[in-house]
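Asks: Whenever a hint applies, use it, and build me the whole structure from the sequences.
Read off the chains here:
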Amino acid sequence: MNQVVENSANTNSTGGAIDNSVMEKRPMLNMPVIKSLVYKDIYLNRKLIATYIGGAIFALSIISLGEWQFFMGSIVLISMMIGLGNHQLSTSMISERKEQTLVFIMSQPVSPADYAMAKFLSNIAMFFVPWSFLFLTTIGVLILTPLPDGLLPFTVLICVLILLNHCITWSIAMEVESEGIILTIMIGLNCLFNPALYFLADSPDIGGHTRGADIVWNATSINVLILEVVAIVLLFIATLYFQMRKKVFI
Amino acid sequence: MQNAVEFHQVCKRYPEFYLDNLTLQLPRGQVMGLVGVNGAGKSTALRMILGLTQPDSGTVNVLGYPMPQCQVQAKENIGYAAEDMRLYRNENLRWHMQFIQSIYPSWDPLYAEHLVKRFDMNPNQLTKSYSHGQRVKASLILLLARRPRLVVLDEPTTGLDPVSRYEVLAELAEILRDESRSVLFSSHSTQDVEQLSDSITFLHKGKTLASQDKETYIDSWRRILCTGSLEGELGLAGVAELKSNGSLHEIKIKIFDASVVERLREKGFVVSQVERMSLEQIFIASVREATKS
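If you read the protein sequences in the order shown, they are chains W and L.
Numbering follows numbering that gives the first Met the number 0, with no gaps: position 220 of the first sequence is 219.
Numbering follows numbering that gives the first Met the number 0, with no gaps: position 166 of the second sequence is 165.
Hints are not guaranteed to be accurate.
[To be verified] Heads up, simulated BS3-like pairs for lysine-lysine below, C-alpha to C-alpha not over 30 angstroms straight-line: (1) K253/L <-> K266/L; (2) K46/W <-> K127/L; (3) K242/L <-> K204/L; (4) K246/W <-> K204/L; (5) K291/L <-> K266/L; (6) K253/L <-> K242/L; (7) K291/L <-> K204/L; (8) K97/W <-> K46/W; (9) K266/L <-> K242/L; (10) K253/L <-> K204/L; (11) K291/L <-> K213/L; (12) K206/L <-> K253/L; (13) K245/W <-> K204/L; (14) K97/W <-> K127/L; (15) K245/W <-> K97/W; (16) K97/W <-> K204/L; (17) K127/L <-> K116/L; (18) K127/L <-> K34/W; (19) K213/L <-> K242/L; (20) K242/L <-> K291/L; (21) K246/W <-> K34/W; (22) K206/L <-> K246/W; (23) K206/L <-> K245/W; (24) K206/L <-> K291/L.
No lab work stands behind these hints, which were simulated from the structure alone.
Replies: Right, dumping it as structure tokens:
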């Protein structure tokens, strides 16, 4: 990523030659500035991230206390995970355009590729890291409390589905500037989340084992998991590929 | 002299706007004012300097770098502030100063503090409570304290109260003492441009009406009042505007020399007044001429 490459753009927009003496060998990405942009995003979203993590920990702390606490805790946990993703996208990407702070960032020594990489890394730091923490904590709660261990595959699939939904929204937010479109996608994915929960719970191979004491990973649950993970990886690769090919911001 | 900014036959088409063959040069160490009404193409041109927009044809070179290919290298030495640019509303100026300092090794903390005092700014105040004037000053602090070689300002004085405008212009005049620094700024205000710039470029609906040294340009224009009978063509080159009220005629001419008055007299006109024009009068005459043609 930080390899030194010769700038490939050695012709201008009209096809004329460009003085190669100014085409210095430079890193393909301006990593020091990318690092500053990532720190900036984390700093600006720190309270929001802490609030959602706090809410999710509260949910996990009550989830094993009884039946109604389980349903309430599950809903709060899912809401906190989805809310964390959507809220930080809203503040770090939509607001940056809406409140015209993007011009301030674009005027710094960054290329569209640097900006895309900064947003990718910010997303990793602000969603993937908290998500991973909450995911592992949830698994720990399932294993260490009287909750049936059979819930684990179903829980993993739901958590990864939330991650996939977030990745879809992130990819679209990177590509389109319209706040309306991004909000529509967020609402649409939330609406589709409940049917997905229903189908997973209704599947005998996945939902059928949730009350059991054994963790059952069968072909169906593994295939769904693989599908979710592959979709996430493809979304990241495609988004970064297209964003990093952009030569100009506007 | 090397140029800080060079546009060569730059075209850019949008659905409602066409930037038509813009060619201009800003020599290093000089100040250029870009003047035009809304929709003239000023912001488009400035965005091309930052490499934010790619021309459809033509070339843009900034500080020796072709844009937008080398936008990162160029932007390391460009300070940009725009009327529509905002800072992070829930953070204060101090935080923004630290953020910029983390990006630019050239950041001068002493100069930054000097500017904070000079502009009478509270660096611990959240930027969301800043007035428009304070926002402009904060942006100027952030860009000037890293001592860029090229300063690009999009409408820096628009909407400022007289005191803020004076302070901003005074600081701009101050930075112009550094002869290696170039400044390109757009403005509706011909007064600001007349006060600060060495050269001017007039844009109107994407076309360049003029781009040259300010003194020479202003000196080439005259407003002439004369009386006489006007039958047919006036027969003078470079007449931008001719208004007649009976036998009284007002001529605004863009290629003036002593022979113009002689020729008017030869045609039987009595020349009562020949006066220099302000940049604002010249700009209005240029735009009206362009609109007519």
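Asks: Does each hint hold? Answer for all of them.
Replies: Structure-based check of all given hints:
Using a Cα cut-off of 30 angstroms, the hinted pair K253/L and K266/L holds, with the two alpha carbons roughly 20 angstroms apart. Proximity of K46/W to K127/L is assessed by CA-CA distance (about 18 angstroms); at most 30 angstroms being required, the pair is judged to hold. About 24 angstroms separates the Cα atoms of K242/L and K204/L, which keeps this hinted pair within 30 angstroms; it holds. Restraint check for K246/W and K204/L: the C-alpha separation of about 26 angstroms stays at or below 30 angstroms, so the hint holds.
This hinted pair checks out: K291/L and K266/L have alpha carbons roughly 26 angstroms apart, not beyond 30 angstroms. Pair hint K253/L plus K242/L holds up; C-alpha atoms about 15 angstroms apart against a cutoff of 30 angstroms. For the proposed pair K291/L and K204/L, the alpha carbon gap of about 13 angstroms is at most 30 angstroms, so the pair holds. Between K97/W and K46/W, the direct Cα distance comes to roughly 21 angstroms. Compliance with the 30 angstroms bound is thereby established for this hinted pair.
At most 30 angstroms may separate the alpha-carbon atoms for a hinted pair to count; K266/L and K242/L meet this at roughly 17 angstroms. The straight-line distance between the Cα atoms of K253/L and K204/L is roughly 20 angstroms, inside the 30 angstroms bound, and the hint therefore holds. With a C-alpha separation of about 24 angstroms, the suggested pairing of K291/L with K213/L holds against the 30 angstroms cut-off. With a CA separation close to 18 angstroms, the supplied pair K206/L and K253/L stays within the 30 angstroms bound.
Annotation: proposed proximity of K245/W to K204/L holds, straight-line Cα distance about 28 angstroms (limit 30 angstroms). As the CA atoms of K97/W and K127/L are separated by approximately 14 angstroms, the hinted pair is consistent with the 30 angstroms bound. For the hint linking K245/W to K97/W, the alpha-carbon distance of about 21 angstroms falls within 30 angstroms, and the restraint holds. Pair hint K97/W plus K204/L holds up; C-alpha atoms about 27 angstroms apart against a cutoff of 30 angstroms.
For the proposed pair K127/L and K116/L, the alpha carbon gap of about 20 angstroms is at most 30 angstroms, so the pair holds. For a cut-off of 30 angstroms, the pair hint linking K127/L to K34/W stands: about 25 angstroms separates their Cα positions. For a cut-off of 30 angstroms, the pair hint linking K213/L to K242/L stands: about 26 angstroms separates their Cα positions. Of the supplied pair hints, the one linking K242/L and K291/L holds, its CA atoms being roughly 14 angstroms apart against a limit of 30 angstroms.
Only pairs whose Cα atoms come within 30 angstroms are accepted, and K246/W paired with K34/W is accepted, the gap being roughly 21 angstroms. For the hint pairing K206/L with K246/W, the CA-to-CA distance comes to about 26 angstroms; that is within 30 angstroms, so the pair holds. With a C-alpha separation of about 28 angstroms, the suggested pair K206/L and K245/W falls inside the 30 angstroms cut-off, and the hint holds. For the proposed pair K206/L and K291/L, the alpha carbon gap of about 14 angstroms is at most 30 angstroms, so the pair holds.
The structure is consistent with each of the numbered hints, conforming to all of them.
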